[in-house]
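There are 2 protein chains.
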Amino acid sequence: MLKHLPLSDVYTLLEPGPVVLLTTAHKGHANVMAMSWHMMMEFEPPRIGCLVSGANFSFTALRKTGECVIAIPAARLAAQVVQVGNASGRDFDKFAAFGLTPLPAKRVAAPLVAECFANLECRVVDTRLVPKYNLFVLEVVQAWIDPAQKQPKTLHHQGHGTFVVDGETLCLKSGKP
Amino acid sequence: MLKHLPLSDVYTLLEPGPVVLLTTAHKGHANVMAMSWHMMMEFEPPRIGCLVSGANFSFTALRKTGECVIAIPAARLAAQVVQVGNASGRDFDKFAAFGLTPLPAKRVAAPLVAECFANLECRVVDTRLVPKYNLFVLEVVQAWIDPAQKQPKTLHHQGHGTFVVDGETLCLKSGKP
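Protein sequences appear in the order of chains A and B.
Each number in this note's numbering corresponds to the 1-based position in the first sequence with 95 added.
Each number in this note's numbering corresponds to the 1-based position in the second sequence with 95 added.
For reference, chain A alone in the conformation it holds in the complex (with noise of 0.2 Å):
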């Protein structure tokens, strides 16, 4: 069973980079893509900044229904995420393909994905730099964790299908969130 998780959390989660699912759903038909390009912009609501290149079919779905969800897998995912990464849902379903559990989100036709610890559901709200540099501003109008997945390790890309998995934590006092 998912948990919300404050808003004001959000950024706990996708400050450190880690690679992302995005889901779009467009004319009945469910999507999802792999990004590493995206950054926080702003606490609270939460405000993110993302790519998502007009070369990727998810792109046209974000683009007219203004909506998305960003799931955050665990390492354990990384198979699949790289699936995901190779594939285009041009040529059919990812989430059956590749074993990823679509779920209704209660805010956006987007669904979340099951199998993530995290799961943001976004609303586009600035598409001034998607026609020079496809950068979408996101708002996330409803975020949710899923308890059972205790301190989960993300996965940063390095490219070339090199990924590296979070490693020990270190708690250094910081002024600042």
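If you're looking for bench data, these hints aren't it; they were derived computationally from the structure.
All residues carry an ideal CB built from backbone N, CA and C; glycine is no exception.
Mixed in with the good hints, there may be bad ones.
List of simulated lysine to aspartate or glutamate pairs, EDC-like, C-alpha gap at most 20 Å [to be verified]:
hint	chain 1	residue 1	chain 2	residue 2
1	A	K248	B	E110
2	B	K248	A	E263
3	B	K227	A	D241
4	A	K245	A	E137
5	B	K248	A	E110
6	B	K227	A	E263
7	B	K227	A	D221
8	B	K201	B	E110
9	B	K245	A	E263
10	A	K201	A	D241
Incomplete in silico selection of chain A near chain B, CB under 7 Å [claimed, not checked]:
hint	residue
11	A204
12	D261
13	C266
The hints should help you fit chain B onto chain A, whose structure is shown.
For chain B alone, coordinates are given in the frame of chain A:
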């Protein structure tokens, strides 16, 4: 001795989401801040999106000069990175105070940071989203790597003074860069 890094390799450094330092130079005053809100936007020439808050002393320097250096620290610099992030350049010279060595860059006035394993000389190329979001679009014009720092482990900020250090590396077959 720093070594040139091909611009086409820059994304492999920033895509994994490391905490970085951002340096500026304005009116003879060099400054350095810590930053986690950044993302890759293009492979080559490498384009980077980043947020620099108007509350940061670096904001004015970046706005006025249109130049900065993004320097990437390895985990051994964690304590200094936190000190940089907790202090303001309004008050004193953070390089001297925290034992960081500014080096002249080749194509921008902002300094490199000698202790970092990578340094990216950047120019601001788009400020359209600065008024609303403090989002700067940068282009990397010159990149340097310290060949003496082999396989550096980077830091990823999880909020509240907690950082995760790079752990295990996974090599998976990826069809995309």
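Here is what the structure says about each hint:
Pair hint K248 (chain A) plus E110 (chain B) holds up; C-alpha atoms about 17 Å apart against a cutoff of 20 Å. Among the hinted pairs, K248 (chain B) with E263 (chain A) is consistent with the structure: their alpha-carbon atoms are about 11 Å apart, no more than 20 Å. Pair hint K227 (chain B) plus D241 (chain A) does not hold up; C-alpha atoms about 33 Å apart against a cutoff of 20 Å. For the given pair, K245 (chain A) sits about 26 Å from E137 (chain A) by alpha-carbon distance, which is inconsistent with the 20 Å threshold.
With a C-alpha separation of about 17 Å, the suggested pairing of K248 (chain B) with E110 (chain A) holds against the 20 Å cut-off. A distance of roughly 36 Å separates the Cα atoms of K227 (chain B) and E263 (chain A); the hinted pair therefore is violated under the 20 Å criterion. Using a Cα cut-off of 20 Å, the hinted pair K227 (chain B) and D221 (chain A) holds, with the two alpha carbons roughly 10 Å apart. For the hint linking K201 (chain B) to E110 (chain B), the alpha-carbon distance of about 24 Å lies beyond 20 Å, and the restraint is violated.
A hinted pair counts as satisfied when its Cα atoms are at most 20 Å apart, and K245 (chain B) with E263 (chain A) qualifies at roughly 19 Å. Restraint check: the Cα-Cα separation between K201 (chain A) and D241 (chain A) comes to about 15 Å, which is no more than 20 Å; the hinted pair holds. Checking A204 (chain A) against chain B by beta carbon gives a least distance of about 25 Å; that is not within 7 Å, so the hint is violated. Because the beta carbon of D261 (chain A) sits about 5 Å from the nearest beta carbon in chain B, less than 7 Å, this interface hint is met.
Annotation: interface hint on C266 (chain A) holds; nearest CB of chain B at approximately 5 Å, less than 7 Å.
Figure legend: structure checked against the earlier numbered hints; hints not met, in rising order: 3, 4, 6, 8, 11.
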